[in-house]
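Undergrad: Residues per chain are reported as follows:
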Amino acid sequence: MQTHTFKPDLPPPRMSVGAVGWLKANLFSNWFNSLLTLFALYLIWLVVPPLLQWAIIDANWVGSTRADCTQEGACWVFIQQRFGQFMYGFYPSELRWRVDATLWLAIVGAAPLFVPQMPRKAFYGLGFLVIYPVIAWCLLHGGVFGLSVVSTSQWGGLMLTLVIASVGITGALPLGILLALGRRSNLPAIKVICVTFIEFWRGVPLITVLFMSSVMLPLFLPEGMHFDKLMRALIGVILFQSAYIAEVVRGGLQAIPKGQYEAAAAMGLGYWRMMGLVILPQALKLVIPGIVNVFIALFKDTSLVIIIGLFDLLNSIKQATTDPAWLGMATEGYAFAALVFWIFCFGMSRYSLHLERKLDTGHKR
Amino acid sequence: MHTTANAPRPRGSLLNDPQVRAWAFQIIAVIAVVALGWFLFQNTQANLEKRGIISGFAFLNNSAGFGIAQHLIDYTESDSYSRVFLVGLLNTLLVSFIGIVLASILGFLLGVARLSPNWLISKLATVYIEIFRNIPPLLQILFWYFAVFLALPGPRQSLGVGEMFFLNSRGLYMPAPGPSESFGLFAVVLLATIVGIIALGRWAKKRREATGQIFPLLWTSLALIVVIPGLTVLIGGNPLVWSVPELTGFNFRGGWVMIPELMALTLALTIYTAAFIAENVRSGIMAVSHGQTEAARSLGLRPGVTLRLVIIPQALRVIIPPLTSQYLNLAKNSSLAAGIGYPDMVSLFAGTVLNQTGQAIEVIAITMSVYLAISISISLLMNWYNKRIALTER
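Going down the list, the sequences are from chains P and H.
Here the first sequence stands for residues 107 to 471, where the numbers follow our numbering.
Here the second sequence stands for residues -2 to 391, where the numbers follow our numbering.
Incorrect hints may appear among the rest.
Below, computed lysine-lysine pairings styled on DSS-like, alpha-carbon distance capped at 25 angstroms [what the hints assert, rightly or not]:
1. Lys227(P) with Lys391(P)
2. Lys335(P) with Lys329(H)
3. Lys335(P) with Lys47(H)
Residues from chain P that face chain H, not an exhaustive set, calculated with beta carbons under 7 angstroms [to be verified]:
4. Phe220
5. Leu293
6. Phe317
Calculated from the structure, these hints are not laboratory results.
All C-beta atoms in this analysis are idealised placements derived from N, C-alpha and C, irrespective of residue type, glycine included.
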């Protein structure tokens, strides 16, 4: 019997596989595409080589004064010399270990929360949220356990940025959840109060809120009651952000099917137990990425405290660029600030994307 | 259920009656809010009295006594604070308007570029978006202002483009148009042409719906709007006289000037907001399922027509709501002008005027209500537009 053997397959045409094929498919598929590619290459050529030249190749890396910056490019000596101020502000240099300790404590304390197998995570997290701020305040501000007092007017730099952002989000979260519940409430009076509150804060820019908290808050308070500048800024930030958190949480509450509410009510749960045990755990899980996004926005917005004269990272850098010994360093200073902010915000947005993918399990209807 | 409806309700404790509870909660909440308001009001009264500040809006009629770098309406130092308010408001609106227009254009381009089949273009757009949306807008404004525009050479060493545009540390100088004698005629003819084109469009639509014939509206209107006013120019002469900036002494005279604060602010806000708009546009276009494209193609529509008549109208429905909030953000972010001293609402009113008069409550209240009004009007406008293009389900 005659057997038929197939000839081996011919290899695909050289032009459609490998590097050449990829180039042809993705960059030069037709004349318009080729034109776009050339245009993009031109843009890259326009931006990247000068940037590298300035930031790395021609940059000055070592030295201690402005006179050491002899080369054409960036003068990173400026950043090196002022690094301590950018990170800690006017915090006394011999006490800066306290700031470091606070940060390490936060990292070590929060680390278990990122371990997926950790049991009783919510319990631990809540405990951490209650205990940590007390320790952080004792360490940063001092005044107890023989630690000398460092008043908040000496706080500054990246440390102040982180303090405002983290206090802002921790304060805004519970308030925001309450507001969201109020907005979804069946009680008309409570609903009106919450809606007014939320829409008011969402309609005005943060700057006016900060202005308000710095000039109007002292007028609102009874005699003898006094908040320092940082506290006033924090109150403004918390009120402002709580409105945004409320809207995010409301989105989560709306996504929970009505059956969940009905089932909880049928089990005989009252309003608070229904919310606390059934609805909120599901809703909050849904909106964690949204909350991270609010936090990113808050982190970027902390830079606005410059307007009311707090020395956060951006303001420290701005002040340093006006130093007569380092004139003309604006580009280096702002580039450094941009890099720091970018690393934080980009990192968090990647984390939020990761969470979104991880948590996107149920509720797909 | 009829039998139980009339039966007396089981008497529980009044505390457990949901209706009673609801009322109680609401009354408590209202009382708490009113009490808080009353408490703050009392404190404020006492504090104001102690500091000798007379509340009220009478201060608005006092003379301001300071100059403003940019005013769209006539303004002198002796004008009143209410005039300052108007100047600030117009400056805020100017920045918001330019920013919204430019950011929409750049954002749409970037959003489309991110979906481009060209690998390089889409990666470039991604890099742009990821870089600029993760840097605080205030930082970008400060960068453009202090590191770029103030570092430009002085007026004598201006960077010029063809003796018309000059860029230096005092701003961007450009030719300004002014009306000449034939401007009236030109304006009338232009207006008449536009009205004619609108009428033509109505007629073309009616005819298309009645007969199915398509009228080449775009090309006809383009031809009309070029030819008819063009003829007027040929007959009546140039309707505009251009005032070109000229270097006299140490500074430029004539023409329009865009002060560096305005440039820094609009540039930074445009770049920042465009990154967000691009993401909205991308998700909007991706939300239109591929089947729509295939269906349109199988009906015989060409790619351009598919995009214009099938994809974009559907994508817009998804894009508009988040786009509205981006516009709102831009308008609110324009208040960052206070960081570089551009004379907008916040830096003029909540800054200078507040410092001069000490009328904290009135000034902040006015400033906040302006932003609330802007926010509400933008969202009303966009809601109206959104409703107009929304899916009408039958």
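Undergrad: Compare the structure with each hint and give your call.
TA: Okay, the hints, checked on the actual structure:
no. : hint                     : result
1   : Lys227(P) with Lys391(P) : 13 angstroms, holds
2   : Lys335(P) with Lys329(H) : 23 angstroms, holds
3   : Lys335(P) with Lys47(H)  : 21 angstroms, holds
4   : Phe220                   : 21 angstroms, violated
5   : Leu293                   : 5 angstroms, holds
6   : Phe317                   : 5 angstroms, holds
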